[in-house]
Amino acid sequence: MYEFLRDLDRRWIFLMMFLCVAVPIIVIGLTGETFPEEPTDLARAVFHAIDDMPSGSKVLLSYDYDPASEGELSPMATMFAYHCAAKGHKMYFMALWPVGPQMVDDTIENILKRDFPNLEYGEDYVNLGYKSGYEGVIKVIITDFTELYTTDTRGTPWSAIPMCEDVESVQDMDLLINVSAGYAGTKEWVQYAVTPYPKLRMVAGCTGVQAPLLYPYIPQQLHGLLGAIKGAAEYEALVTAKYGEQMARRDADGNPVVDEEGNYVIRGKYTEGIRRMGPQLVAHLLMIVLIILGNVIYFIEKRRERRR
Amino acid sequence: MKRETMIWTIVLLIGAVLLVLNGALRGAGQAYVKEVPMRFVDVAEPGEVRPDWIRYDSEAALDEELCVQPFEQIDPDRRKEWTRTEKAERGEYLTARATRPNDNPYRVSISRTIGVWVAALFTLFIFSFLYKDNPLYKIAEASVVGVSAAYWMVIGFWDVIVPNLFGKVAPALVRQWAIPGLEDPPNYWYLVPLILGVMLLWRLAPKGAWIGRWPLAFVIGTTAGIRLIGFIQADFLSQIRNTVIPLVAVEASTGTFDFWASAKNLTIVIGVLAGLVYFFFSIEHKGIVGKTARLGIWFLMITFGAAFGYTVMGRIALFAIRLEFLFDDWLWLIDPVQRRVPVDPETLALLSSGPLAALGLA
Numbered sequence: 001m002y003e004f005l006r007d008l009d010r011r012w013i014f015l016m017m018f019l020c021v022a023v024p025i026i027v028i029g030l031t032g033e034t035f036p037e038e039p040t041d042l043a044r045a046v047f048h049a050i051d052d053m054p055s056g057s058k059v060l061l062s063y064d065y066d067p068a069s070e071g072e073l074s075p076m077a078t079m080f081a082y083h084c085a086a087k088g089h090k091m092y093f094m095a096l097w098p099v100g101p102q103m104v105d106d107t108i109e110n111i112l113k114r115d116f117p118n119l120e121y122g123e124d125y126v127n128l129g130y131k132s133g134y135e136g137v138i139k140v141i142i143t144d145f146t147e148l149y150t151t152d153t154r155g156t157p158w159s160a161i162p163m164c165e166d167v168e169s170v171q172d173m174d175l176l177i178n179v180s181a182g183y184a185g186t187k188e189w190v191q192y193a194v195t196p197y198p199k200l201r202m203v204a205g206c207t208g209v210q211a212p213l214l215y216p217y218i219p220q221q222l223h224g225l226l227g228a229i230k231g232a233a234e235y236e237a238l239v240t241a242k243y244g245e246q247m248a249r250r251d252a253d254g255n256p257v258v259d260e261e262g263n264y265v266i267r268g269k270y271t272e273g274i275r276r277m278g279p280q281l282v283a284h285l286l287m288i289v290l291i292i293l294g295n296v297i298y299f300i301e302k303r304r305e306r307r308r
Numbered sequence: 309m310k311r312e313t314m315i316w317t318i319v320l321l322i323g324a325v326l327l328v329l330n331g332a333l334r335g336a337g338q339a340y341v342k343e344v345p346m347r348f349v350d351v352a353e354p355g356e357v358r359p360d361w362i363r364y365d366s367e368a369a370l371d372e373e374l375c376v377q378p379f380e381q382i383d384p385d386r387r388k389e390w391t392r393t394e395k396a397e398r399g400e401y402l403t404a405r406a407t408r409p410n411d412n413p414y415r416v417s418i419s420r421t422i423g424v425w426v427a428a429l430f431t432l433f434i435f436s437f438l439y440k441d442n443p444l445y446k447i448a449e450a451s452v453v454g455v456s457a458a459y460w461m462v463i464g465f466w467d468v469i470v471p472n473l474f475g476k477v478a479p480a481l482v483r484q485w486a487i488p489g490l491e492d493p494p495n496y497w498y499l500v501p502l503i504l505g506v507m508l509l510w511r512l513a514p515k516g517a518w519i520g521r522w523p524l525a526f527v528i529g530t531t532a533g534i535r536l537i538g539f540i541q542a543d544f545l546s547q548i549r550n551t552v553i554p555l556v557a558v559e560a561s562t563g564t565f566d567f568w569a570s571a572k573n574l575t576i577v578i579g580v581l582a583g584l585v586y587f588f589f590s591i592e593h594k595g596i597v598g599k600t601a602r603l604g605i606w607f608l609m610i611t612f613g614a615a616f617g618y619t620v621m622g623r624i625a626l627f628a629i630r631l632e633f634l635f636d637d638w639l640w641l642i643d644p645v646q647r648r649v650p651v652d653p654e655t656l657a658l659l660s661s662g663p664l665a666a667l668g669l670a
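Sequence lines, in order, name chains A and V.
Mapping of the first sequence onto my numbering: residues 1 to 308, in sequence order.
Mapping of the second sequence onto my numbering: residues 309 to 670, in sequence order.
Incorrect hints may appear among the rest.
[Claimed, not checked] Distance condition first, Cα-Cα at most 30 Å in a straight line; then the derived DSS-like pairs of lysine-lysine:
| hint | chain 1 | residue 1 | chain 2 | residue 2 |
| --- | --- | --- | --- | --- |
| 1 | A | 113 | A | 242 |
| 2 | A | 113 | V | 342 |
| 3 | V | 572 | V | 594 |
| 4 | V | 572 | V | 599 |
| 5 | A | 199 | A | 58 |
| 6 | V | 395 | A | 113 |
| 7 | V | 572 | A | 199 |
| 8 | A | 58 | A | 139 |
| 9 | A | 87 | V | 395 |
| 10 | A | 269 | V | 395 |
| 11 | A | 113 | A | 269 |
| 12 | A | 242 | A | 87 |
| 13 | A | 269 | A | 87 |
| 14 | A | 113 | V | 388 |
| 15 | A | 242 | A | 269 |
| 16 | V | 342 | A | 269 |
| 17 | V | 599 | A | 302 |
| 18 | A | 113 | A | 58 |
[Said to hold, decoys possible] On the chain V side, residues computed to face chain A include the following (Cβ under 7 Å):
| hint | residue |
| --- | --- |
| 19 | 489 |
| 20 | 541 |
| 21 | 625 |
| 22 | 629 |
| 23 | 644 |
In short, the hints are calculated from the structure, not lab data.
The C-beta atom is built at its ideal place from N, Cα and C for all residues, glycine as well.
Assemble the whole structure, with the sequences as input and the hints as a guide.
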């Protein structure tokens, strides 16, 4: 057994990892069953930062990520947009990453246009698009938006966009929401926007790799943080708990569908994060088993060498 | 033929046959679009220089005299018409096919279907590296590099050079062919970065490469200055302030001692001090300093462990979304978002009893 484990080809481990991720995806996809999520204080802080503001508040959503990190970040980006729209906030979308506008477009198409058809472009939400310059963009728009954003992505002049009339700079925003996959992202927003202008409030969702680096900013410089898919799942649990009726599937008469226990059956696009926690659990169990086995093999080998 | 090659050939052949059957019988991997007619009318008053286009079927058009007449009868110079294709779902397509067969705006999109298949095959090509390096992986890798480079070039031109240089120096020109909404007057200060840019490109010339050092020095100097201020404010001074916290925390509402908050604050303070002592190499790590430094190592190790755990979680999430794409969009094994279910049960019943059910399409 010892020799078998010691000489195990790494490709068997890849196969095991594939099965540990694939089987839960298929099972959850077919049955619709998911694990319950207990939100942490950080997820609650994000939820309340958005939910406690009065309707009509101005929210800047900077989607600084690309398809490479969509698995982790698109669930929280979706939920941020839904939450803001459900609360009736004014949404100003922008991006510091070149592919960010496509992520914004996806959110607008899949969430705002489909589930909030009453929202008007230019009145309730606007897509300002991508500007190159990384933290340089933040440095400029923190005092003057129009220095860089003369038009939106459609080419409409800043002055002709109704919801931009009384907006001069980022300081006019009631909340900053950042979805970040790396540089430029949450760290730069904290460094160049929130720290020099402490009146600004900011919450963020980030990849797992970034999360440990951003914890020191909480709570003074960053009011809430969703770390990776776990944070997204917790936030989804909070939003679906409050807005479940609107987010539920509809029957033929347009009424929300409820399960046997009386809970709303939430549409699949709003449970992406919660669904992905299934494969996470099984894959993490495999990782733990492999780490323990690896250490056991290491110590056995060390003892045998000592005996020799 | 080697035994391993033979096994893989058989596995791949079986996979290909199953894929073809899945695609042919169930339509798996198909992508759908909705055709949306776009009809615009120029409602600018005579004498106005700039056109004023509005949608013919919008609420704003109701107030316009020009829009009262049928679209086809409006002066061709004052109307524009095209069809926009929007992403749609199979469920919507099936519903429309059953309820309005003669006027179905939904259709299968050949180009998007090819896109789904290419994306799926490239995902598998990349995964194949886990078995061993192979030409399919190389093809996928080279394609990613090439497409990324081209994408960055296009983005660089349209999002940087056009709005930030041409748009600033010659806004009237840019307004005519690229950004109709541009209103700014010319700003000739932007010629300075243009000159610096040309100087930077001088590095490629056989002579006078030193000219490129001046803009480079400018870039390095400004970047260093901006970064320095950012880090000193946000990471140095603010972090010192964030560490100055009460070791005995009191609950704000009741005024009683909060054990867990106190323990958290104490851990933060001890962790910061121990970590700093570990990186303090001017004193030999012996005695109390050595023990504190050792505690600092423990804190660092726990931090690295947390970072590793988060990284694993992130990587598994990325793997999961690729598998979801393969199982959902490509193979149609699962449908967690209910994209392929017709919209209402009445339609579903109609489809279930009709010829579509026999073909396995309902």
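Going down the list of hints, with the structure as the test:
no., hint, verdict
1, 113(A) x 242(A), "holds (21 Å)"
2, 113(A) x 342(V), "holds (14 Å)"
3, 572(V) x 594(V), "holds (28 Å)"
4, 572(V) x 599(V), "holds (21 Å)"
5, 199(A) x 58(A), "holds (14 Å)"
6, 395(V) x 113(A), "holds (12 Å)"
7, 572(V) x 199(A), "holds (26 Å)"
8, 58(A) x 139(A), "holds (20 Å)"
9, 87(A) x 395(V), "holds (27 Å)"
10, 269(A) x 395(V), "holds (15 Å)"
11, 113(A) x 269(A), "holds (14 Å)"
12, 242(A) x 87(A), "holds (11 Å)"
13, 269(A) x 87(A), "holds (19 Å)"
14, 113(A) x 388(V), "holds (24 Å)"
15, 242(A) x 269(A), "holds (16 Å)"
16, 342(V) x 269(A), "holds (20 Å)"
17, 599(V) x 302(A), "holds (28 Å)"
18, 113(A) x 58(A), "holds (19 Å)"
19, 489, "holds (4 Å)"
20, 541, "holds (5 Å)"
21, 625, "holds (4 Å)"
22, 629, "holds (3 Å)"
23, 644, "holds (4 Å)"
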